[in-house]
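Trainee: Construct the entire structure; sequences and hints are all you get.
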Amino acid sequence: MKKPLPVGVENFKDIIESGYYYVDKTLFIKELLDLRGKVNLFTRPRRFGKTLNLSMLRYFFEDTGDKVKNEQNKALFKNMKIMDAGEEYTEQMGRYPVINLTLKSAKQENFEKAYYTMQMGIAVEFERHRSTIEAGKKLLSSKDYERYVRIAEEKADEKEVSSSLQLFCRCMHAITGKNTVILIDEYDVPLENAYFRGFYDEMIDFIRSLFESALKTNDYLQFAVITGCLRISKESIFTGLNHLNIISILDKKYSEHFGFTEPEVLEMMRYYQAESRFPTMKEWYDGYLFGDTEVYNPWSVIKFLYDLYSDVNAFPHPYWINTSSNDIIKDLIVRADRETKGQIETLLEGGTLDIQVHEEVTYGDMHSSGENLWNFLYFTGYLTKEKEYFKESSVFLRVRIPNIEVKTIYQNTILSWLKTMIKKEDFRDLYRAMEKGNAQKMTDILNGQLFRTISFYDSVENFYHGFLTGILSQSENYLVKSNRESGNGRSDIMVKSPSLRGRSFILELKVSDSIHNLEDDAEKALQQIYDKKYMEELLSEGYRKIDCYGISFFRKDCEVRFGEGRK
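For the sequence shown, my numbering gives the first residue as 984, with consecutive numbering after it.
No lab work stands behind these hints: they were computed from the structure.
Subject to a maximum C-alpha distance of 30 Å in a straight line, what follows is the list of computed DSBU-like cross-link-like pairs (lysine-lysine):
{"hint": "1", "residue 1": "1142", "residue 2": "1087"}
{"hint": "2", "residue 1": "1013", "residue 2": "1087"}
{"hint": "3", "residue 1": "1265", "residue 2": "1013"}
{"hint": "4", "residue 1": "1235", "residue 2": "1021"}
{"hint": "5", "residue 1": "1090", "residue 2": "1368"}
{"hint": "6", "residue 1": "1313", "residue 2": "1324"}
Mentor: Printed below as a string of structure tokens:
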């Protein structure tokens, strides 16, 4: 029996005790202790192991107040790399109070609901340490004890909740004599969500208060580790934190601890006897560069391996699209001007863009310049670094789309946007031209639509097919059927009236290799309808008025050819 894969398991203890496959990232602890940052902010894309790493830190450093539990936590690290690092590291095990808070659940529709989820998360952590507080109650002031209880029981007001982390550290120091380790996961989720939902200012005020009390003026802090996608500083969340250590995906430090390195992926694939699919794994889920370290998307690697374990010939999928927020991509496409659309098309063709690095952008700045927008996409994992260079005292990046998985996310988002955009248009002129056999008018209308959209050309047939069926589906007078088996082959699109006495149409699509072949390919598409007897299905159904169209596409151009159905 092979170890199960930890699909969606983010608790370190659960992974180890339940025997899941674990990629050993415990040397993250060594580097953290070596570099001795007081407040450490790690910015990494979503689903790159941040939550699991913070869980690992909790079980390593936490003094639970119970000798048996402490020994159980130490046992989790048996045979891990950190145990061979030296006594100066292992003696740090089980030494500190730890508060481990995640803000990822604060993705809610309004501030009240988002605030409540954060209040509840803090209350859960306070309740988890309640036995320590009750045992050392006499060492606390009555005011601090009562405040602690109110927070634990979700009865505290917003002012008390905003200073709760500092209170926790003070109480723990009074009882244990030890400073606290603060772990905060996905700190920017509430900010991203609030930006898109329209209550950004309220959320900024609360997060700022929570962080300032815990990180700025806290004499009882041992160290803090905070994770998120982006560095947010302009709103003064981290104002005055001279000891803040920011580690982004540009940094060489800590580069191998988030995400899987290639040797780690190869070892996993050998273990599950799926190494024959390594080229596909690399093509779909590799491509990230953190510092100088090549990194794979860990969530997608695990999901693909899960599928491969039961079927070594399983197809890859864009697993990340279902777990990571794609609001930024959607917003980019909706707001894109002609220049931005052209840049997106360049990226989708495998090209690159050169951008100046702005690590301190805010959500409010997202649309103030194109540079900010591309920076957002880079730091959230939708672009990757190909080259880093200095120019005019500034850092620049040459960026590209990392892999097929992310390209698919762009393409799916574009198709979804295209369908929405098409629904807002009136295509009665196109149908009138189709009914009259006016191929030139159809060509003009479709060319106008192609000019305004964002195109991708590596999955061209999929794109043009979605483009055309989306437009044709807007009519209330016709039914649209695509990719139906008919005659000796497969017609691309059939359009027919609900009444057998009404009109029906067959459309065959071709994608040209160059602009010069556009007219010939349209003729070939039309001839294919006749050669492969695509009309047979409609004739057998009882339709008599059948017209045929051959349509060819090359990038932003198309050509339409008309032919009568009785030819």
